[in-house]
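Residue numbers (the working numbering), protein chains in the order written: chain H, -18 to 234; chain W, 10 to 649; chain G, 1113 to 1373.
No lab work stands behind these hints, which were simulated from the structure alone. Here a beta-carbon is modelled for each residue, glycine too, at the ideal position from N, C-alpha and C. The reader is advised that the hints may include incorrect statements.
Stated by the list, open to error - Quick list of in silico lysine-lysine cross-link-like pairs, DSSO-like style, CA-CA up to 30 Å:
{"no.": "1", "chain 1": "H", "residue 1": "Lys224", "chain 2": "G", "residue 2": "Lys1182"}
{"no.": "2", "chain 1": "H", "residue 1": "Lys60", "chain 2": "H", "residue 2": "Lys128"}
{"no.": "3", "chain 1": "W", "residue 1": "Lys505", "chain 2": "H", "residue 2": "Lys(-8)"}
{"no.": "4", "chain 1": "W", "residue 1": "Lys190", "chain 2": "G", "residue 2": "Lys1182"}
{"no.": "5", "chain 1": "W", "residue 1": "Lys519", "chain 2": "W", "residue 2": "Lys264"}
As the list claims (entries may be wrong) - Some chain W residues judged to face chain H by a derived CB distance under 7 Å, without partners named:
{"no.": "6", "residue": "Ser78"}
{"no.": "7", "residue": "Ile85"}
{"no.": "8", "residue": "Gln141"}
{"no.": "9", "residue": "Arg147"}
{"no.": "10", "residue": "Tyr149"}
Said to hold, decoys possible - Here are some of the chain G residues that sit facing chain H, going by a computed Cβ distance under 7 Å:
{"no.": "11", "residue": "Phe1151"}
{"no.": "12", "residue": "Ile1156"}
{"no.": "13", "residue": "Pro1206"}
{"no.": "14", "residue": "Thr1208"}
{"no.": "15", "residue": "Thr1235"}
{"no.": "16", "residue": "Ala1239"}
{"no.": "17", "residue": "Gly1242"}
{"no.": "18", "residue": "Tyr1244"}
{"no.": "19", "residue": "Arg1245"}
{"no.": "20", "residue": "Asp1246"}
{"no.": "21", "residue": "Ala1255"}
{"no.": "22", "residue": "Ser1256"}
{"no.": "23", "residue": "Arg1260"}
{"no.": "24", "residue": "Gly1263"}
{"no.": "25", "residue": "Ile1265"}
{"no.": "26", "residue": "Gly1334"}
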Amino acid sequence: MDLTLRVWRQKGLGHPGEFEEYRAREISPDASFLEMLDVVNDRLTLEGQEPIAFEHDCREGICGSCGMMINGRPHGPEKGTAACQLHMRKFTDGDLIVIEPWRASAFPVLKDLVVDRSPLDRIIEAGGYIGVDTGSAPEANLIPIPKDVAETAMDAAVCIGCGACVAACPNSAAQLFTSAKIAHLNLLPQGQPERWRRVEAMVDTMESFFGSCTNYGECEAACPKSISIDFIAVMNRDYFKAKLRNRRYVSQV
Amino acid sequence: MTVQLDAKIPAGPLEDKWANHRFEMPLVAPPNRRRFEVIVVGTGLAGASAAATLGEQGYRVKAFTYHDSPRRAHSISAQGGINAAKNYRSDGDSVYRLFYDTIKGGDYRSREANVYRLAEVANEIIDQATAQGVPFAREYGGLLANRSFGGVQVARTFYSRGQTGQQLLLGAFQALARQIKAGTVEMFNRTEMLDVVVVDGRAAGIVVRDLVSGEITTHSAHAVVLATGGYSNAYFLSTNAKACNVTAIWRAHRKGALFANPCFTQIHPTCIPQSDEFQSKLTLMSESLRNDGRIWVPASGADGRAAGDIPESERDYFLERQYPAFGNLVPRDVASRAAKRAVDSGKGVGPLHNGVFLDFANAIDRLGRAAIEERYGNLFEMYERITGEDPYRTPMRIYPAPHYTMGGLWVDYDLMTTIPGLYAIGEANFSDHGANRLGASALMQGLADGYFILPNTLAAYLSGMLGQAAPPSDHPAFTEAANGVRDHTRRLMSTKGSRTVDWFHRELGKIVWEHCGMARSAAGLEKAIGEIPALRAEFEADVRILGEEESINQSLEKAGRVADYFELAELMCRDALYREESCGGHFRVEHQTLEGEALRDDENYAFVSAWEWQGRDRPAEVVREPLEFESVELKTRSYK
Amino acid sequence: MHPRLPIGFATVDSVRENAMAVSTTTAKPPRTPPLPIRFYRSAIGKKWVMAVTGIVLIAYLIAHLVGNLKVYLGEDELNSYAEALRDLGGHLVPRTSLLWLMRGGLLLAFVLHVHAAYSLTYTNWKARGGAYRDRDYAVANYASRTMRWTGTIVLLFIFFHLADLTWGAQPAAVDGFARGEVYDNFILSMQRPVSAVIYAVANIALGFHLYHGAWSMFQSLGLNHPSFNRWRRYIALALTGFIVLGNLSFPIAVQLGLLEL
Ligand SMILES: Cc1cc2nc3c(=O)[nH]c(=O)nc-3n(C[C@H](O)[C@H](O)[C@H](O)COP(=O)(O)OP(=O)(O)OC[C@H]3O[C@@H](n4cnc5c(N)ncnc54)[C@H](O)[C@@H]3O)c2cc1C
Ligand code: HEM
Ligand code: HEM
Ligand code: SF4
Ligand code: F3S
Ligand code: FES
Chain H
-18 MDLTLRVWRQ KGLGHPGEFE EYRAREISPD ASFLEMLDVV NDRLTLEGQE
32 PIAFEHDCRE GICGSCGMMI NGRPHGPEKG TAACQLHMRK FTDGDLIVIE
82 PWRASAFPVL KDLVVDRSPL DRIIEAGGYI GVDTGSAPEA NLIPIPKDVA
132 ETAMDAAVCI GCGACVAACP NSAAQLFTSA KIAHLNLLPQ GQPERWRRVE
182 AMVDTMESFF GSCTNYGECE AACPKSISID FIAVMNRDYF KAKLRNRRYV
232 SQV
Chain W
10 MTVQLDAKIP AGPLEDKWAN HRFEMPLVAP PNRRRFEVIV VGTGLAGASA
60 AATLGEQGYR VKAFTYHDSP RRAHSISAQG GINAAKNYRS DGDSVYRLFY
110 DTIKGGDYRS REANVYRLAE VANEIIDQAT AQGVPFAREY GGLLANRSFG
160 GVQVARTFYS RGQTGQQLLL GAFQALARQI KAGTVEMFNR TEMLDVVVVD
210 GRAAGIVVRD LVSGEITTHS AHAVVLATGG YSNAYFLSTN AKACNVTAIW
260 RAHRKGALFA NPCFTQIHPT CIPQSDEFQS KLTLMSESLR NDGRIWVPAS
310 GADGRAAGDI PESERDYFLE RQYPAFGNLV PRDVASRAAK RAVDSGKGVG
360 PLHNGVFLDF ANAIDRLGRA AIEERYGNLF EMYERITGED PYRTPMRIYP
410 APHYTMGGLW VDYDLMTTIP GLYAIGEANF SDHGANRLGA SALMQGLADG
460 YFILPNTLAA YLSGMLGQAA PPSDHPAFTE AANGVRDHTR RLMSTKGSRT
510 VDWFHRELGK IVWEHCGMAR SAAGLEKAIG EIPALRAEFE ADVRILGEEE
560 SINQSLEKAG RVADYFELAE LMCRDALYRE ESCGGHFRVE HQTLEGEALR
610 DDENYAFVSA WEWQGRDRPA EVVREPLEFE SVELKTRSYK
Chain G
1113 MHPRLPIGFA TVDSVRENAM AVSTTTAKPP RTPPLPIRFY RSAIGKKWVM
1163 AVTGIVLIAY LIAHLVGNLK VYLGEDELNS YAEALRDLGG HLVPRTSLLW
1213 LMRGGLLLAF VLHVHAAYSL TYTNWKARGG AYRDRDYAVA NYASRTMRWT
1263 GTIVLLFIFF HLADLTWGAQ PAAVDGFARG EVYDNFILSM QRPVSAVIYA
1313 VANIALGFHL YHGAWSMFQS LGLNHPSFNR WRRYIALALT GFIVLGNLSF
1363 PIAVQLGLLE L
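Start from the sequences, fold in the hints, and give me the full structure.
If you want it as structure tokens, here you go:
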């Protein structure tokens, strides 16, 4: 199939960027979207033009490296699918495809489609963990966890940290990413001791980089793991409780 | 032979070796730990767990990764699960059985002492991960669930849906993040290590390139730990992430670290067959699918018929036929070769006749669609996305693909390479898997190395350097290494040839897959050893890299990695040629039984072949580490 | 490395704490303000306040509508209702005191709601790093995307509305405005096509605002339960339907001449 790409090209951080148009001829419908870009890049190189920089690694939808706006949708049109798992058979011959980087003040463009998503790591560092030093863990089966709880925690834990939720959100809010991690840890018995500090620290850090949530729901629709915005409600509740809780007495309830 | 290899295996009975050794090793007292700087390259399971643990213990750690975040390491894509001998199912499992299965699975080409230690600490890993909040699958009673994996007859594999590696890595990453916050670990993202610096015979630091600014800098430390993963991408098409590479350990190899068993590579039986020329990678379908899926081909060869139209009588369930005892759950190397035989005999299915069926029809009848969906839902989705076929209705098509490399830097019992102060952990070392790795044991090894083994053995080394500062990073050796890297980069940039990096990588991959893949012959290997240097010369003369050195330049990154793959590929072939036997993943057509099974030669080849770099234009030289087996007796593996 | 930005819109507790933790200066940390302020400083706190004030406002709207529906029962009914409002609490409290109390609460809710709305809007515009060339929304609907505008319309309307029917201030109010003659003011006002249109438009805007708002507030308050979630939309729809249709009926009825002096 033959396609036209309109791609955002930007030399580097702070440089002005602009759209360039490229032809992508004889693309196999079985190719993945990134393989299509590989082909285009190879041809660009041979024509003496610098290839398009885009992030990718696993190409299995799990590492969270890839990510770009494809025709106005983060990771492209297919629901619950990362760009690397999107296949060209989802497009039709002759299509025009617009490709843009994630856009958010907290995600400055480093080059072409590559952005800096490190603020997401700052959020994890703020409290997205359970503090157990190596070796201090008790026997695993000492803590039974209801299957439903474990499953729900897992539903949240599958986040791949791609940042599509931020890219999708008209407010550039990182609510879905943050709430997914908070829910994963706060739902589990192991996560209780740090529960209230965690939610406060992570939310406060999140808010120092990102916008606020007005419940658009775009993030859920864009999330390659279809993580539910219900977790955002869970986070809001925990944050409110965290402010009111008398931390010295929590073990009582 | 220049080097003498001493594995430093502790004395005493197998069961006590690790315990005794831990007691005998000198320690570093808590207040002194912050005087030591340790560099950890790689933040996969091995690297992240090591860096986090060392940070917790109070060392000053610098961690490096070329990813934009530690969480993206290739470990993230591990699907199936992680082994441990908890024996929660009380189906006769034990530390000794895990040890035995691993040795046997590795076709008796690994060290007893290491493997036993691995089996010993495996249980602690499950405890640690659970405490970190890793959401392992659970029974309704709230306790941990298990599944079974290829090559064993017990259910000892712990898993989180089809994303076990992701959850374990996030656990380690979060532990690391905690230390980054605490300031014990300094994290360098988007920073690629391009050389090891050796001062007075000891590893003293590394040279790195900032992948955003292109700046080349040096870092010094008391010890350097390489946790940089495997080199399956030497085949170009593999199940590994695109960026996986050999550069870090290859640079170490060139600086004097011996490279062990390079030809021991694992070809994974259940991957989606290649669909076209431009394919950039092969996708793994977790081995766990073999629990419920049945593998078959049309007995009378592939005719256009759809799978559904082929009656039972005309199907050949070749694994069940050839290996009644293990059936579809034989180890990977065995399953892979069986599939290859089937396809080579013209029975391959699919448009390119390059696959075999993995059929869930029976399982769905037996357990119902819901049960299958719960177990493999995300894998089935992934398959449908990629192929456009619905595995609930038509059987999957699968074919073996390069997946894991048992070979790697040679390390002693303490995980130290032949360069003092330079350690290799995880897939980067030649590890505990011998000639073939059992499923769900790489995650186990990576975390065992990082959480529980290295932090102990490293302390012993550091304790000897108390009071000494790490060499200053402006020491001539650093400047020299840095300049070396700069020249290398410049040379690549200034070639301005007419072919892309990927083109060369593809061509190289074809050669290695053809001659050093699932079946290897002396003739083929010699051919490859001739072809590779030729292609390399072409690469050096004709590769085209655009863009600048001082910014993100992905072609440049790839080129550096491919350059090292050329040298490695040649060594893989030499090693394969040198090992005149068939064992595990290494199958020499000259050495097989009448039914085409691997023919091992314990008389002459029960050793580790460790290769020493001799310079670019002289072939590497081999040093042998003989393998003594005191506890297990060497048997021909039989899964019949 | 390349520059790192905490954009730092919100001056947030633990962020500041960290800053102090790392800063070597032994300067006294600024006294932490009382909890409500700290809570309101965070965006989630603001959203929580918006939701709560939103509920107050909705409650008022319902009561207000119910009261207004009395016009259909005739002049005296409405006037006496208006009178009753002023007489709330009977002789136990000074006349109109409770009414003023209610007005005070209402005003406070409004002010908070609007302040939060604007400060969050500002934060979000700062967080947005430029617009996409083309953006294709998946689920965000017209209502959710226009909250800020519908809100503003409602705000403007309220000034008009107060001037018109409460203060009797020109030009909003009719010439013949007479304090206490609620019914007449009401009819006279709505007989003016312009005013009728204003009322209609404002209430439609309010409808959109409520349709998203009344759903959104459950999220903000963390009221979330699998067996209840799907009802949140219906509740929002019902609320909106009742309030908007009720309110719209007045200008229409007057214009059609169903209600007259
Ligand atoms: C698809 C797939 C599925 C798998 N499933 C399973 C399974 O179910 N069970 C199991 O036990 N094993 C499985 N494995 C194997 C297992 O995932 C890997 O062997 C293991 O994760 C390797 O971990 P590691 O920490 O050694 O290396 P990696 O996780 O590969 O990490 C390498 C790290 O080193 C960094 N790095 C590398 N080179 C450099 C450099 N030059 N400079 C800076 N940083 C560098 C990378 O950025 C990365 O952080 C699977 C493998 C694949 C490919
Ligand atoms: C009778 C009048 C009003 C009612 C009943 C009302 C009700 C609500 C409700 C229930 C919400 C949802 C809050 C949440 O998501 O938690 C909301 C949100 C909002 N309101 Fe109002 N509101 C009214 C007036 C206004 C006014 C005058 C403005 C000022 C411009 C305004 C601006 C907003 C904005 C911008 C939001 C979205 C904020 C967000 O979700 O973050 N509203 N409103
Ligand atoms: C068509 C719909 C409406 C009608 C017919 C209507 C009618 C009235 C009348 C007659 C009064 C005067 C009451 C009195 O002076 O005793 C009044 C007051 C008021 N209305 Fe409305 N109203 C409508 C819609 C609204 C809306 C949508 C809002 C808010 C967003 C609103 C807010 C108020 C307020 C705040 C007052 C002042 C109450 C007080 O005096 O304490 N009204 N309205
Ligand atoms: S929540 Fe979804 S969209 Fe957001 S980072 Fe995680 S996976 Fe990506
Ligand atoms: S899109 Fe944005 S507004 Fe909230 S619900 Fe998702 S974060
Ligand atoms: S490349 Fe890893 S998620 Fe897309």
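The hints, checked one at a time:
1. H:Lys224 x G:Lys1182: Since the Cα atoms of Lys224 of chain H and Lys1182 of chain G sit roughly 44 Å apart, the hinted pair is violated (cutoff 30 Å).
2. H:Lys60 x H:Lys128: 27 Å, holds
3. W:Lys505 x H:Lys(-8): Distance of about 20 Å is within 30 Å: holds.
4. W:Lys190 x G:Lys1182: Not OK: Lys190 of chain W and Lys1182 of chain G at ~64 Å, beyond 30 Å, violated.
5. W:Lys519 x W:Lys264: 29 Å, holds
6. Ser78: Holds - the Cβ of Ser78 of chain W comes within 7 Å of chain H, reaching about 5 Å at its closest.
7. Ile85: 5 Å, holds
8. Gln141: 5 Å, holds
9. Arg147: 5 Å, holds
10. Tyr149: Hint holds; Tyr149 of chain W Cβ to chain H Cβ min 5 Å, cut 7 Å.
11. Phe1151: At 5 Å from the nearest chain H Cβ, Phe1151 of chain G passes the 7 Å test, so the hint holds.
12. Ile1156: 5 Å, holds
13. Pro1206: Hint on Pro1206 of chain G: violated, closest Cβ of chain H at ~36 Å, above 7 Å.
14. Thr1208: 36 Å, violated
15. Thr1235: Status holds, d = 6 Å.
16. Ala1239: Where the cut-off is 7 Å and the nearest Cβ of chain H is about 3 Å from Ala1239 of chain G, the hint holds.
17. Gly1242: 5 Å, holds
18. Tyr1244: 6 Å, holds
19. Arg1245: Nearest chain H Cβ about 6 Å off; hint holds.
20. Asp1246: Status holds, d = 5 Å.
21. Ala1255: 10 Å, violated
22. Ser1256: Result: holds, 5 Å to nearest chain H Cβ.
23. Arg1260: 9 Å, violated
24. Gly1263: This interface hint is violated because 11 Å lies over the 7 Å limit.
25. Ile1265: Hint violated; Ile1265 of chain G Cβ to chain H Cβ min 17 Å, cut 7 Å.
26. Gly1334: For Gly1334 of chain G, the interface hint holds, since the closest Cβ of chain H sits about 3 Å away, which is under 7 Å.
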